[in-house]
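All the letters of the sequence shown, read from the start, carry residue numbers 166 to 395 under the numbering used here.
If you're looking for bench data, these hints aren't it; they were derived computationally from the structure.
Nothing here was measured: the structure is a model prediction, and the numbers come from that model.
Do not rely on the hints blindly, as some may be mistaken.
[Stated by the list, open to error] List of simulated lysine-lysine pairs, DSS-like, C-alpha gap at most 30 Å:
no. : residue 1 : residue 2
1   : 264       : 283
2   : 264       : 223
3   : 220       : 264
4   : 220       : 283
5   : 283       : 223
[As the list claims (entries may be wrong)] Derived Cβ-Cβ restraints for the label pairs, each shown as a range:
no. : residue 1 : residue 2 : range
6   : 370       : 199       : 37 to 43 Å
7   : 356       : 293       : 18 to 24 Å
8   : 285       : 356       : 22 to 28 Å
9   : 315       : 283       : 24 to 30 Å
10  : 203       : 364       : 29 to 35 Å
Using N, Cα and C, we set each Cβ at its ideal position, and we do this for glycine too.
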Amino acid sequence: MFVSEPIQQSWRMPVSVPGKDRWQRASAAFFLSFLSLVFSITAFSSNYWCEGTRKVAKPFCIGQDKGNHCIRFNSPDANNSNAVQYIWETGDDKFVDQKFHAGIWYSCEEIINGEGEKCRSFISLTPASDRGVLWLSIVAELLYNILLLTGVVLMSVEMCYYSSVIDGLKINAFSAVVIVLAGLLGMVAHMMYTTVFQMTVNLGPEDWRPHTWDYCWSYWYLLVYVWFFH
Numbered sequence: 166m167f168v169s170e171p172i173q174q175s176w177r178m179p180v181s182v183p184g185k186d187r188w189q190r191a192s193a194a195f196f197l198s199f200l201s202l203v204f205s206i207t208a209f210s211s212n213y214w215c216e217g218t219r220k221v222a223k224p225f226c227i228g229q230d231k232g233n234h235c236i237r238f239n240s241p242d243a244n245n246s247n248a249v250q251y252i253w254e255t256g257d258d259k260f261v262d263q264k265f266h267a268g269i270w271y272s273c274e275e276i277i278n279g280e281g282e283k284c285r286s287f288i289s290l291t292p293a294s295d296r297g298v299l300w301l302s303i304v305a306e307l308l309y310n311i312l313l314l315t316g317v318v319l320m321s322v323e324m325c326y327y328s329s330v331i332d333g334l335k336i337n338a339f340s341a342v343v344i345v346l347a348g349l350l351g352m353v354a355h356m357m358y359t360t361v362f363q364m365t366v367n368l369g370p371e372d373w374r375p376h377t378w379d380y381c382w383s384y385w386y387l388l389v390y391v392w393f394f395h
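Could you build all of it, start to finish, from the sequences and the hints given here?
Structure representation (structure tokens):
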């Protein structure tokens, strides 16, 4: 009797541990997936998928503006239209690097010698032959976010309904499949956008084509997401 009672106590104590561990794992998975959903929606709505610079001609300095981003006249009577004006800038000195950043929706460029940005619709900048691919990319991004939201909802159900081991495992497996499909669909959407952006760089309007560009934080987010969850 004295031997069997401690054995029974030690046999019964671990019964509640698996349920607690399962709830902790479900909570961690829900938190990471919810954080991923927030970042995904933020990246989808942002204009920071790509960024770079393009060379533009410096504007003429107006009034007392003597900044480095405008062409100055070397004449004591700069306000006199009849006076001879001398411009000393030659070669690359006549140009300035204008920064820009672009996303699915808009492309924004900084205003030289001014404050703020000038934004244009990226869809209007895209060549007509590639707009269909861009719209497919937008649809794929929307489906990616919907699948990600579905996975978050399933994980929340698993977290709140963890009393049944079998049901919890089924929900966990289904949510894992949904999350993986979301990641793959998001990667395809980003690849399509990359193709459209490169075609726009080569065939887009002359007053927009960048000289140097690279991917920005919204684009790199998906690669980090796929690496983390796969």
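Inset, instruction - If any of the earlier hints don't hold here, list their numbers in rising order. - result: 9
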